[in-house]
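Asker: Let the sequences and hints guide you as you build the complete structure.
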Amino acid sequence: MGKPKTIIEKIWDRHVVHQEEAKPDLLYIDLHLVHEVTSPQAFEGLRMKDRKVRRPDLTYATMDHNVPTIHRNVIKDQVSKTQMDTLKKNCEEFNVPLADIDHPDQGIVHVIGPELGLTQPGKTIVCGDSHTSTHGAFGALAFGIGTSEVEHVLATQTIWQAKPKTLNVKVNGKLGKGVTAKDLILAIIGKYGVKFGTGHVVEYTGEAIRSLSMEGRMTVCNMSIEGGARAGLISPDDTTIEFLRGRRHAPKGEEFEKAAEQWKSLATDEGASYDATLEINADEVEPQVTWGTNPSMCIPVSASIPTPDDATSANEKDEITRALNYMGLEAGKPISSVNIEHVFIGSCTNSRLSDLRRAADIVKGQKVNPSVRALVVPGSHSVKIAAEQEGIDVIFKEAGFEWREAGCSMCLAMNDDIVPPGERCASTSNRNFEGRQGTDARTHLVSPEMAAAAAIEGHFVDVRKFTVPTA
Amino acid sequence: MEPIRVHEGLVYPLNRSNIDTDQIIPKQFLKRISRQGFGQFLFFNWRFNNDGEPREDFSLNKPQYKDASILVAGENFGCGSSREHAPWALQDFGFKVVIAPSFADIFYNNCTKNGILPVVLPEEKVQVLMENAETSGYRIHVDLENKRVYDSNDFEASFDLPEYQREMLLNGWDEIAVTLTHESKIDQFEDQRQVF
Ligand code: SF4
Numbered sequence: 001m002g003k004p005k006t007i008i009e010k011i012w013d014r015h016v017v018h019q020e021e022a023k024p025d026l027l028y029i030d031l032h033l034v035h036e037v038t039s040p041q042a043f044e045g046l047r048m049k050d051r052k053v054r055r056p057d058l059t060y061a062t063m064d065h066n067v068p069t070i071h072r073n074v075i076k077d078q079v080s081k082t083q084m085d086t087l088k089k090n091c092e093e094f095n096v097p098l099a100d101i102d103h104p105d106q107g108i109v110h111v112i113g114p115e116l117g118l119t120q121p122g123k124t125i126v127c128g129d130s131h132t133s134t135h136g137a138f139g140a141l142a143f144g145i146g147t148s149e150v151e152h153v154l155a156t157q158t159i160w161q162a163k164p165k166t167l168n169v170k171v172n173g174k175l176g177k178g179v180t181a182k183d184l185i186l187a188i189i190g191k192y193g194v195k196f197g198t199g200h201v202v203e204y205t206g207e208a209i210r211s212l213s214m215e216g217r218m219t220v221c222n223m224s225i226e227g228g229a230r231a232g233l234i235s236p237d238d239t240t241i242e243f244l245r246g247r248r249h250a251p252k253g254e255e256f257e258k259a260a261e262q263w264k265s266l267a268t269d270e271g272a273s274y275d276a277t278l279e280i281n282a283d284e285v286e287p288q289v290t291w292g293t294n295p296s297m298c299i300p301v302s303a304s305i306p307t308p309d310d311a312t313s314a315n316e317k318d319e320i321t322r323a324l325n326y327m328g329l330e331a332g333k334p335i336s337s338v339n340i341e342h343v344f345i346g347s348c349t350n351s352r353l354s355d356l357r358r359a360a361d362i363v364k365g366q367k368v369n370p371s372v373r374a375l376v377v378p379g380s381h382s383v384k385i386a387a388e389q390e391g392i393d394v395i396f397k398e399a400g401f402e403w404r405e406a407g408c409s410m411c412l413a414m415n416d417d418i419v420p421p422g423e424r425c426a427s428t429s430n431r432n433f434e435g436r437q438g439t440d441a442r443t444h445l446v447s448p449e450m451a452a453a454a455a456i457e458g459h460f461v462d463v464r465k466f467t468v469p470t471a
Numbered sequence: 001m002e003p004i005r006v007h008e009g010l011v012y013p014l015n016r017s018n019i020d021t022d023q024i025i026p027k028q029f030l031k032r033i034s035r036q037g038f039g040q041f042l043f044f045n046w047r048f049n050n051d052g053e054p055r056e057d058f059s060l061n062k063p064q065y066k067d068a069s070i071l072v073a074g075e076n077f078g079c080g081s082s083r084e085h086a087p088w089a090l091q092d093f094g095f096k097v098v099i100a101p102s103f104a105d106i107f108y109n110n111c112t113k114n115g116i117l118p119v120v121l122p123e124e125k126v127q128v129l130m131e132n133a134e135t136s137g138y139r140i141h142v143d144l145e146n147k148r149v150y151d152s153n154d155f156e157a158s159f160d161l162p163e164y165q166r167e168m169l170l171n172g173w174d175e176i177a178v179t180l181t182h183e184s185k186i187d188q189f190e191d192q193r194q195v196f
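Just so you know, the sequences run in chain order D and B.
So the first sequence is numbered by my numbering: it starts at 1 and just counts up by one.
So the second sequence is numbered by my numbering: it starts at 1 and just counts up by one.
Treat the hints with caution; some may be incorrect.
As the list claims (entries may be wrong) - Computed cross-link-like contacts, DMTMM-like style, restricted to lysine to aspartate or glutamate with a CA-CA straight-line distance of at most 20 Å:
(1) Lys-62(B) to Glu-131(B)
(2) Lys-31(B) to Asp-269(D)
(3) Lys-81(D) to Glu-405(D)
(4) Lys-52(D) to Glu-92(D)
(5) Lys-23(D) to Glu-183(B)
(6) Lys-165(D) to Asp-160(B)
What the hints assert, rightly or not - Here are some chain D residues the structure puts well away from chain B; computed CB gaps all over 12 Å:
(7) Gln-78
(8) Gly-197
(9) Arg-373
(10) Gly-438
Stated by the list, open to error - Residues on chain D that point at chain B, a partial pick, calculated with CB under 10 Å:
(11) Leu-26
(12) Pro-40
(13) Val-74
(14) Gly-146
(15) Val-150
(16) Gly-228
(17) Thr-293
(18) Arg-436
No lab work stands behind these hints, which were simulated from the structure alone.
Where is the CB? At the ideal position from N, CA and C, for every residue including glycine.
Answerer: Here you go:
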């Protein structure tokens, strides 16, 4: 047997098209996902040079960032409409399959890839979107690229990449009751900062990761970029295989069993070494709430808002002061005392069926606090339909939530779903940057359960102490 | 893309860490379908108040930095979203070089695809540049050929960047054309490619 390898090296080695001393490797791309915001200039670039899309069959497009979520077909913003029309026109001209606005497969690009079974272990996957790391949950090497690279992949089905360093994030122990994958990834970023992963591909390992569902794994991998990582992935196992069985684009019958064997063989070998390792103990993770303007500024729900005096450097002191100021928060107060005006359950981090189910369990029979406006935006049209079949929409609506069509929505507020200036939102998305949910809007990142409980109480509460009514 | 070899220009200091691409160009401006015209929206929420008036407390609005072409910032510059609109906005505004102690990966890459030179310098060197640039009219030279940054006094620092990206920037190559010189290898790869 050869030297033990990580899954990262195995996937890499299988995709090198060309290698030269002192140059990045030319890697083959198995799946290129496209959306309306980062692609128009790429298609235009092809047109200007009279180039074609090399492999339309390995390319798949959808609309998500701009789409309206009240009525899918009523697009008030003309600039958004132009951008969506442009994608449609480009996909027609270049023969790229598209889940258009009224297509049953439409949804957030990182939700539909796995849902359709396009995302598979061992694939190299790119998309002009930093949260492409989501697909790493399947043991794929998936990373975000810029528009010039989108054009490059469209034209050549390859990309130049310097071999990344590997980082093992080992999660020991087990997550407690009421503590979710979202809390885990926030706690990791909280502990190690927003750039622990820069220059690295992260593999998440350990007992707690193994016991996560595919949805939970996607939530963890999704936010790898928030720790600066190039990509994040998890070695495939039976959980991965069972999720993919029967999906539309997954192999069928005997082919599937053969593929499953191959997929499992991709898992990191016993004894393989990484460039670096970080560890965290899942037992110690509590439900998290972000208080500041980047995802590392997070604390357990039982804790108090940091003060500038907690800083270890002048720079950090500055950052805390600026963040508190932007967020309109008082240092030292318990985070649970902070009132909110908005709740957003959605985004590629937490808008899958299981996320909505868990939030609905909390909401059932309760009422949204009168001072709160609460929104549920399913990650894809299929998630929406499935949730409606289970009656989840009714639970939310009866509690006073708005039940919307699929899209990115208030995660980045490019459509009409905006948090007004100075107002506060408990959000299941992945970024609490200044202005992300609207100019001067204040975002607190939480899990779907925590968001649901906050909607009812009007402020943050420890979901573990929140009494779920028995049905 | 336009080649960049040596650039001499005015320095603008932005002393903040973790400046994300949402700040560099907010999402409401990502709806355009061309590459041009993003400069007017650069750092929009910092430069303008809610009525669209320039904010006096944001230093880039000071007349002394009007012609700045070199941006110096804190660590982890360009984190967050992969939007290439961020380098497009910087470039359209007039910036040709960005200097910081560290950059986010995707942003760094995006810069080099657009003829913007990202320069990583040690924290202490960046601090010196920040301080010097507080005085009006502070200019420096950035020499990509020799990987050096210097001013007309005694500031001097060397930097590194991957050779491939250096060559790209120096020559202003069309990367797709370079890749297509390996097209037969791509064909070959596809012939043997395993699909489950
Ligand atoms: S949901 Fe948010 S983070 Fe995810 S792809 Fe859409 S905008 Fe990006």
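Asker: Does each hint hold? Answer for all of them.
Answerer: Structure-based check of all given hints:
In summary, the hint linking Lys-62(B) to Glu-131(B) is supported, as the alpha carbons are separated by about 16 Å, within the 20 Å threshold. For the suggested pair Lys-31(B) and Asp-269(D), the alpha carbons sit about 45 Å apart, so the restraint of at most 20 Å is broken. Restraint check for Lys-81(D) and Glu-405(D): satisfied, since their Cα atoms lie roughly 17 Å apart, inside the 20 Å limit. Proximity of Lys-52(D) to Glu-92(D) is assessed by CA-CA distance (about 12 Å); at most 20 Å being required, the pair is judged to hold.
For the suggested pair Lys-23(D) and Glu-183(B), the alpha carbons sit about 17 Å apart, so the restraint of at most 20 Å is met. Note on Lys-165(D) and Asp-160(B): the hinted pairing holds, with a Cα-Cα distance of about 18 Å set against a maximum of 20 Å. Non-interface call for Gln-78(D) relative to chain B: violated, since the shortest CB-CB distance, roughly 9 Å, does not exceed 12 Å. Consistency note on Gly-197(D): stated as away from chain B, yet its beta-carbon is not over 12 Å from all of that chain's, at 9 Å minimum.
Under the 12 Å C-beta cut-off, the non-interface status given to Arg-373(D) relative to chain B holds; the minimum distance is some 20 Å. The beta carbon of Gly-438(D) is not kept farther than 12 Å from every beta carbon of chain B, the shortest such distance being approximately 9 Å. The restraint placing Leu-26(D) at the interface with chain B holds, with a minimum CB-CB distance near 6 Å, inside the 10 Å limit. Below 10 Å, beta-carbon pairs count as interface contacts, and Pro-40(D) has one with chain B at about 4 Å; its hint therefore holds.
Nearest Cβ of chain B to the Cβ of Val-74(D): about 17 Å, over the 10 Å cut. The hint is violated. A cut of 10 Å between beta carbons decides the hint on Gly-146(D): the least distance to chain B is about 4 Å, and the hint holds. Restraint check, Val-150(D) versus chain B: the minimum CB separation of about 8 Å is within 10 Å; hint holds. Annotation: interface hint on Gly-228(D) holds; nearest CB of chain B at approximately 6 Å, less than 10 Å.
Annotation: interface hint on Thr-293(D) holds; nearest CB of chain B at approximately 9 Å, less than 10 Å. With its C-beta approaching chain B no nearer than about 6 Å, Arg-436(D) sits inside the 10 Å limit, and its interface hint holds.
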